[in-house]
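A.B. asks: Sequence:
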Amino acid sequence: MTATGRSWRDALELTVEVPGDGAVRSLAHPSLVGVPEVGDEVLLNTTAWAQRLGTGGYALVVAVPDRLPPDPTGPGHLVKARYTPLQVSVQGVDEQDTEHHDTIAAAEDLGGMPVVVADLHSALPAVLIGLFATDPDLRVAYVMTDGGALVAGFSRTLHTLAPSLAGVVTVGQAFGGDLEAVTLHTGLLAARHVLGADVAVVTQGPGNLGTGTPWGFSGVAAGEACNAVSVLGGEPIGALRISDADPRPRHRGVSHHSLTAFGRVALAGVTLVAPRGLGSELGRQVEEDLAGQPERNRVVWVDVEGLDEALQLSPVTLSTMGRGWPEERAYFLAAAAAGRYAAVRVPLPDEA
1 MTATGRSWRD ALELTVEVPG DGAVRSLAHP SLVGVPEVGD EVLLNTTAWA
51 QRLGTGGYAL VVAVPDRLPP DPTGPGHLVK ARYTPLQVSV QGVDEQDTEH
101 HDTIAAAEDL GGMPVVVADL HSALPAVLIG LFATDPDLRV AYVMTDGGAL
151 VAGFSRTLHT LAPSLAGVVT VGQAFGGDLE AVTLHTGLLA ARHVLGADVA
201 VVTQGPGNLG TGTPWGFSGV AAGEACNAVS VLGGEPIGAL RISDADPRPR
251 HRGVSHHSLT AFGRVALAGV TLVAPRGLGS ELGRQVEEDL AGQPERNRVV
301 WVDVEGLDEA LQLSPVTLST MGRGWPEERA YFLAAAAAGR YAAVRVPLPD
351 EA
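Just so we're aligned: 300 in the UniProt record's numbering is position 300 of the sequence shown, and the numbers increase by one with no gaps anywhere.
I should point out that these hints are in silico values taken from the structure, not numbers from a laboratory. The C-beta atom is built at its ideal place from N, Cα and C for all residues, glycine as well. Don't take every hint at face value.
Unchecked claim - Pairwise CB distance ranges (calculated): (1) Leu348 to Asp71: 46 to 54 Å; (2) Trp215 to Gly22: 19 to 27 Å; (3) Glu99 to Thr15: 41 to 49 Å; (4) Gly22 to Pro294: 47 to 55 Å; (5) Thr15 to Val182: 18 to 26 Å; (6) Gly76 to Arg156: 20 to 28 Å; (7) Val300 to Arg323: 23 to 31 Å.
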């Protein structure tokens, strides 16, 4: 290892000299492998780096063979990244010997809590901007699913936004949140009953896997998330993926991924939020794309006054699929509009 770079949450950038490849951009998660130092020999997994992937294009440190981290001593028997060489044991908010077990065991529903569901991690900052621009006093929890990165510490966006959140809950195989949960269901209950959230946001971690087919996309799980919210008595709110900048026809207007996840997978129904102010051509296309939604899904158009200005002041760089603000204005505006709608749907205390 020849140099260190930026660090955040549970991530450290490195430069590693690899014979035949030269200087390789690498990333270590100190909670898993310890803290590499200049001069260390490190074992790398170069799979993502060799493919020049966008979000995940790092070589990943598997181990520092000459200086292994100490054995974990903390409590917890939830094993995540199960049966991989880097599986990790964490303490789950829902397991038997934690202070929150009785709370989770007794929790029956979300009390009508609004839950914004998006298919990409890049929607998270815009959803939060819409929420806080509408009501800055809301307690908001982020529930991170395992469709993208499994390590919450990988997200620089999350590192910057964490002070604005009531907490982060990592569910399924994802780990590294303030709370860990076995399933999305217990993760949502923890957001409501342990973190005291007024609103939750559910997305996969950074990165996603897509194959150019309607069903072969990790974000399709957004529909299943809506089902979980409905089962638990929350209000699922869909953040639509809208674009007039994406060169791929299937993602222009309302992306086919949103239409699949919310229109075909979310069987209990979901409120789909469309932003006003898209312009006449894109607005008409979005209206046409949503005209075929099943009766169980309600489409609402939300006023976006003030949201453009709020998005321009984002504390993190807004970027999705390699495009930022204002190129992908429609995408971020749709996510912020979903946040705004969720903010006004928070039940009053006597309604919860």
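A.B. asks: Against each hint, give a clear statement of whether it holds in the structure.
C.D. replies: A quick look at each hint next to the structure:
{"no.": "1", "hint": "Leu348 to Asp71: 46 to 54 Å", "result": "49 Å, holds"}
{"no.": "2", "hint": "Trp215 to Gly22: 19 to 27 Å", "result": "40 Å, violated"}
{"no.": "3", "hint": "Glu99 to Thr15: 41 to 49 Å", "result": "42 Å, holds"}
{"no.": "4", "hint": "Gly22 to Pro294: 47 to 55 Å", "result": "54 Å, holds"}
{"no.": "5", "hint": "Thr15 to Val182: 18 to 26 Å", "result": "37 Å, violated"}
{"no.": "6", "hint": "Gly76 to Arg156: 20 to 28 Å", "result": "26 Å, holds"}
{"no.": "7", "hint": "Val300 to Arg323: 23 to 31 Å", "result": "26 Å, holds"}
This entry does not satisfy hints 2, 5, going by the numbered hints stated previously.
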